[in-house]
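Each chain is listed here by its residues.
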Amino acid sequence: MATLVLDNGANTAKIGFSHEAVRVISNCQFRSKTSRLKTFTANQLDEIKDPSGLFYILPFQKGYLVNWDVQRKVWDHLFGKEMFKVDFTDTSILITEPYFNFTSIQESMNEILFEEYQFQSALRTNAGSLSAHHYFHTRPSELCCLLVDSGFSFTHIVPYCRSRKMKEGVRRINVGGKLLTNHLKEIISYRQLHVMDETHVINQVKEDVCYVSQNFCKDMEVAQNKAEENTVMVDYVLPDFSSIKKGFCKPREEMMFTGKYKTGEQILRLVNERFAVPEMLFHPSDIGIQEMGIPEAVVHSIQSLPEEMQPHFYQNIVLTGGNTLFPGYRQRLEAELRSLVPAHLPVSVLQPADPICYSWEGGKLLAHNPDYDEMVVTREDYEEHGHCVCEDKFDL
Amino acid sequence: MVLEKKTSARVEGQRRVLDEATRQRRLTRQLDALEKDNFQDDPLSSLPPPGPTARLPAFSENEEPEKKRRKTRGDHFKQRFRKNFTTLLEEENLSEKPEPNYLSAAAPVSSLPPRHFCCVCGFPSHYTCTTCGGRYCSSKCLCTHRETRCLKWTL
Numbered sequence: 001m002a003t004l005v006l007d008n009g010a011n012t013a014k015i016g017f018s019h020e021a022v023r024v025i026s027n028c029q030f031r032s033k034t035s036r037l038k039t040f041t042a043n044q045l046d047e048i049k050d051p052s053g054l055f056y057i058l059p060f061q062k063g064y065l066v067n068w069d070v071q072r073k074v075w076d077h078l079f080g081k082e083m084f085k086v087d088f089t090d091t092s093i094l095i096t097e098p099y100f101n102f103t104s105i106q107e108s109m110n111e112i113l114f115e116e117y118q119f120q121s122a123l124r125t126n127a128g129s130l131s132a133h134h135y136f137h138t139r140p141s142e143l144c145c146l147l148v149d150s151g152f153s154f155t156h157i158v159p160y161c162r163s164r165k166m167k168e169g170v171r172r173i174n175v176g177g178k179l180l181t182n183h184l185k186e187i188i189s190y191r192q193l194h195v196m197d198e199t200h201v202i203n204q205v206k207e208d209v210c211y212v213s214q215n216f217c218k219d220m221e222v223a224q225n226k227a228e229e230n231t232v233m234v235d236y237v238l239p240d241f242s243s244i245k246k247g248f249c250k251p252r253e254e255m256m257f258t259g260k261y262k263t264g265e266q267i268l269r270l271v272n273e274r275f276a277v278p279e280m281l282f283h284p285s286d287i288g289i290q291e292m293g294i295p296e297a298v299v300h301s302i303q304s305l306p307e308e309m310q311p312h313f314y315q316n317i318v319l320t321g322g323n324t325l326f327p328g329y330r331q332r333l334e335a336e337l338r339s340l341v342p343a344h345l346p347v348s349v350l351q352p353a354d355p356i357c358y359s360w361e362g363g364k365l366l367a368h369n370p371d372y373d374e375m376v377v378t379r380e381d382y383e384e385h386g387h388c389v390c391e392d393k394f395d396l
Numbered sequence: 001m002v003l004e005k006k007t008s009a010r011v012e013g014q015r016r017v018l019d020e021a022t023r024q025r026r027l028t029r030q031l032d033a034l035e036k037d038n039f040q041d042d043p044l045s046s047l048p049p050p051g052p053t054a055r056l057p058a059f060s061e062n063e064e065p066e067k068k069r070r071k072t073r074g075d076h077f078k079q080r081f082r083k084n085f086t087t088l089l090e091e092e093n094l095s096e097k098p099e100p101n102y103l104s105a106a107a108p109v110s111s112l113p114p115r116h117f118c119c120v121c122g123f124p125s126h127y128t129c130t131t132c133g134g135r136y137c138s139s140k141c142l143c144t145h146r147e148t149r150c151l152k153w154t155l
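Chains as they are written, first to last, in our numbering: chain A, 1 to 396; chain B, 1 to 155.
Hints were generated in silico from the structure; no laboratory data involved.
Any given hint might turn out to be false.
[What the hints assert, rightly or not] Label-pair ranges, simulated between beta-carbon atoms:
hint	chain 1	residue 1	chain 2	residue 2	range
1	B	Arg115	A	Gly386	36 to 44 Å
2	A	Ser339	B	Leu89	34 to 42 Å
3	B	Pro124	A	Ala2	53 to 61 Å
4	A	Arg139	B	Val17	55 to 63 Å
5	B	Asn101	A	Gly259	54 to 62 Å
6	B	Arg115	A	Ser304	25 to 33 Å
7	B	Leu89	A	Met1	31 to 39 Å
[Stated by the list, open to error] SDA-like, lysine to any residue: derived pairs with alpha carbons at most 20 Å apart:
hint	chain 1	residue 1	chain 2	residue 2
8	B	Lys97	A	Ser104
9	A	Lys85	A	Ile48
10	A	Lys218	B	His126
11	A	Lys165	B	Ala105
12	A	Lys33	B	Asn84
13	A	Lys62	B	Leu27
14	A	Lys167	B	His126
15	A	Lys62	A	Ser26
16	B	Lys36	A	Asp69
17	A	Lys167	B	Glu92
18	B	Lys140	B	Cys121
19	B	Lys97	A	Ser26
20	A	Lys245	A	Asp50
21	B	Lys36	A	Ser26
22	A	Lys85	A	Arg23
23	A	Lys38	B	His116
24	B	Lys97	A	Glu168
25	A	Lys38	B	Pro43
26	A	Lys218	B	His116
27	A	Lys62	B	Asn84
28	B	Lys97	A	Asp395
29	A	Lys62	B	His126
30	A	Lys245	A	Ile267
31	A	Lys85	A	Ile95
32	A	Lys49	A	Gln266
33	A	Lys62	B	Leu103
34	A	Lys167	B	Asn93
35	A	Lys33	A	Asn43
36	A	Lys33	A	Ile48
37	B	Lys36	A	Met280
38	A	Lys62	B	Glu90
39	A	Lys38	A	Lys49
40	B	Lys36	A	Ser189
Backbone N, C-alpha and C define an ideal beta-carbon position, used for all residues, glycine too.
One chain only, chain A, in its complex shape:
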C-alpha cells in the first residue's frame, strides 16, 4: 500500500508519496483580472500569464481549516489525474493539522478522508510531531527538542520530549508570513505606491529584500543616512509581467541616488522596511500586538517545563517554517536567547537545510517506520467505531 504524506499548510501544501520526492504547492484558489470567469486551483497559478491583482481564496482562516469547499477543490486537484493520481483503494494518508485543532474540524476531516475520498487508512498528526520525528531520527542521542515553527498564519513554540508533545509548553505568537506581507503592503502603499491589491507581488518583494537585523538600532541609524552611505537602501524593480516577469533588486552600482531612472521601470525604494517588517517576529508590540516576541516566548515556554529538562531544550532548538528563510533569522534568535538564558547553559539553534519541508521529510521517515501500520486508523476501524477511534489513537 502506498502512503501519501500531506503537510497541509495554510499557504502551501507539502505533498508527495513516501517513496517519492516532495512538492510544494499553493493550497488555495486564485482569480485573475485577465481571465475573470475562471478559477485557478493550486499549481494552475503557473498558467496565469499576468498575476497582478491576483485574488486569493484561502481554505484557512487564522491557521484553521474553515472553508471546506475550497479545500476539497484543491485536494480534488492534487489527488486527481492531473497531479498525484491517487488510487484511494490502495493508499494510506498521513496528514497534518494545526495544534489545538477544533473538534468539529477534526470530525469533518475524518469524514472527508474516509467517506468522501475513501482512503484505506489515515494518520492525522501535527506538523511539529513530524519535525520532531525527523530530528530524533537524525540525532538519536538527544532526548528533547524545542520546535520554533514560524509559518504563514502564526508562530508556534512546541517542546517535544522524545516523541511526546508537551502541551503545557506550547506557545503561540499571532505573527506569521501573511501578517508580514500585509504589513509590508500597507506601509509601501502609504509611503510610495498603492500596492494593496498586489499580495502576490509584494510577497515576492518580501522574500527578496527583507532580512532580520542583527543590531536593530544601528541598522536604523544606517538607514537614515543619505545616498551612498545608506547601505540598507535598495531599489526593487517591479515586474510588469510583459518584459519583466519577475521583480529584482537593482545592482548597487546601477542605483541612482538622485533623480529618476530614465529606463521607465516601476521602482520601489525600500529602506527601513527591509528589516522593520521581519522585526515583528521578535517584537510584535512594534505594531501594537500585545504578545512576546519569539526569543522571550521560547524562554517562557521552557521555564514552564520541569527544571531538569530545561538544559536539553536550550541545546536542541529547531527552526522550521517559511519565515526561517529570512537571512539572519537564526543568528538573531541565537544571540537574543544567549543574552536571556543563564550563562552556564549552552544554547544551540539549528536551522535545517529546507525548513519548509522539514516536517514533510519527517512524515516520509515515519511512513517507512515499521510502527506506522500500528499508528493509523483503518477505514474498517472508522466505519466500526466512528470518530472515537480517531480521537483515541491520534496523539493530538
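Take the given structure of chain A and dock chain B to it, following the hints.
Relative to chain A, chain B alone:
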C-alpha cells in the same frame, strides 16, 4: 518654520482629541486588516450575475437524477462545513475546557516596554500626536500625518 508653528498652534485649539477607547478600537481594526486575504473585490463579483439562461433546468431525462444528487451534496457541505473562525472558536467553548487549549497557548504580554516608531516614515519616534495618539518623529512627518491619516479613519 515660524509660520508653520503658528498654524499648528492655532489648529491645536480646535482639534478633537480621541479618547482611549476609540484609539484602542482603531488599533484593533488596523490589526484585523492585517489578517485580510484580499483588499480588492472578487473579480468575479464585478461581472453581471449569470442570466436566466444559466438557470434553465435541463430537460433531458437522463441528466436529472445526477443533477439532483450533486445539488444535495453541495447543500450538505454548505450547512455543515461552512463556519468561520469566530463561530468555531465559540462552539469549542474553550473557557470550560481544561488547559492547555487554544486560548491558553497564546503568548502572554511581553515584559519589555513597547518601542515606538513614526507612523509616517518608520524611524524611531519621540513624539505623540495629541489628537489620535499616533507617533511621529519630526514636524515634517507630523504634517503628513495630519493631512493623510490622523482623523481620516476614525470610527
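We went through each hint and held it up to the structure:
{"no.": "1", "hint": "B:Arg115 <-> A:Gly386: 36 to 44 Å", "verdict": "52 Å, violated"}
{"no.": "2", "hint": "A:Ser339 <-> B:Leu89: 34 to 42 Å", "verdict": "36 Å, holds"}
{"no.": "3", "hint": "B:Pro124 <-> A:Ala2: 53 to 61 Å", "verdict": "56 Å, holds"}
{"no.": "4", "hint": "A:Arg139 <-> B:Val17: 55 to 63 Å", "verdict": "59 Å, holds"}
{"no.": "5", "hint": "B:Asn101 <-> A:Gly259: 54 to 62 Å", "verdict": "58 Å, holds"}
{"no.": "6", "hint": "B:Arg115 <-> A:Ser304: 25 to 33 Å", "verdict": "26 Å, holds"}
{"no.": "7", "hint": "B:Leu89 <-> A:Met1: 31 to 39 Å", "verdict": "37 Å, holds"}
{"no.": "8", "hint": "B:Lys97 <-> A:Ser104", "verdict": "15 Å, holds"}
{"no.": "9", "hint": "A:Lys85 <-> A:Ile48", "verdict": "24 Å, violated"}
{"no.": "10", "hint": "A:Lys218 <-> B:His126", "verdict": "17 Å, holds"}
{"no.": "11", "hint": "A:Lys165 <-> B:Ala105", "verdict": "14 Å, holds"}
{"no.": "12", "hint": "A:Lys33 <-> B:Asn84", "verdict": "27 Å, violated"}
{"no.": "13", "hint": "A:Lys62 <-> B:Leu27", "verdict": "18 Å, holds"}
{"no.": "14", "hint": "A:Lys167 <-> B:His126", "verdict": "41 Å, violated"}
{"no.": "15", "hint": "A:Lys62 <-> A:Ser26", "verdict": "17 Å, holds"}
{"no.": "16", "hint": "B:Lys36 <-> A:Asp69", "verdict": "19 Å, holds"}
{"no.": "17", "hint": "A:Lys167 <-> B:Glu92", "verdict": "18 Å, holds"}
{"no.": "18", "hint": "B:Lys140 <-> B:Cys121", "verdict": "10 Å, holds"}
{"no.": "19", "hint": "B:Lys97 <-> A:Ser26", "verdict": "34 Å, violated"}
{"no.": "20", "hint": "A:Lys245 <-> A:Asp50", "verdict": "9 Å, holds"}
{"no.": "21", "hint": "B:Lys36 <-> A:Ser26", "verdict": "18 Å, holds"}
{"no.": "22", "hint": "A:Lys85 <-> A:Arg23", "verdict": "14 Å, holds"}
{"no.": "23", "hint": "A:Lys38 <-> B:His116", "verdict": "45 Å, violated"}
{"no.": "24", "hint": "B:Lys97 <-> A:Glu168", "verdict": "14 Å, holds"}
{"no.": "25", "hint": "A:Lys38 <-> B:Pro43", "verdict": "10 Å, holds"}
{"no.": "26", "hint": "A:Lys218 <-> B:His116", "verdict": "16 Å, holds"}
{"no.": "27", "hint": "A:Lys62 <-> B:Asn84", "verdict": "10 Å, holds"}
{"no.": "28", "hint": "B:Lys97 <-> A:Asp395", "verdict": "18 Å, holds"}
{"no.": "29", "hint": "A:Lys62 <-> B:His126", "verdict": "34 Å, violated"}
{"no.": "30", "hint": "A:Lys245 <-> A:Ile267", "verdict": "14 Å, holds"}
{"no.": "31", "hint": "A:Lys85 <-> A:Ile95", "verdict": "17 Å, holds"}
{"no.": "32", "hint": "A:Lys49 <-> A:Gln266", "verdict": "19 Å, holds"}
{"no.": "33", "hint": "A:Lys62 <-> B:Leu103", "verdict": "13 Å, holds"}
{"no.": "34", "hint": "A:Lys167 <-> B:Asn93", "verdict": "19 Å, holds"}
{"no.": "35", "hint": "A:Lys33 <-> A:Asn43", "verdict": "18 Å, holds"}
{"no.": "36", "hint": "A:Lys33 <-> A:Ile48", "verdict": "10 Å, holds"}
{"no.": "37", "hint": "B:Lys36 <-> A:Met280", "verdict": "18 Å, holds"}
{"no.": "38", "hint": "A:Lys62 <-> B:Glu90", "verdict": "14 Å, holds"}
{"no.": "39", "hint": "A:Lys38 <-> A:Lys49", "verdict": "13 Å, holds"}
{"no.": "40", "hint": "B:Lys36 <-> A:Ser189", "verdict": "15 Å, holds"}
Checked against the numbered hints given earlier, the structure breaks hints 1, 9, 12, 14, 19, 23, 29 and satisfies all the rest.
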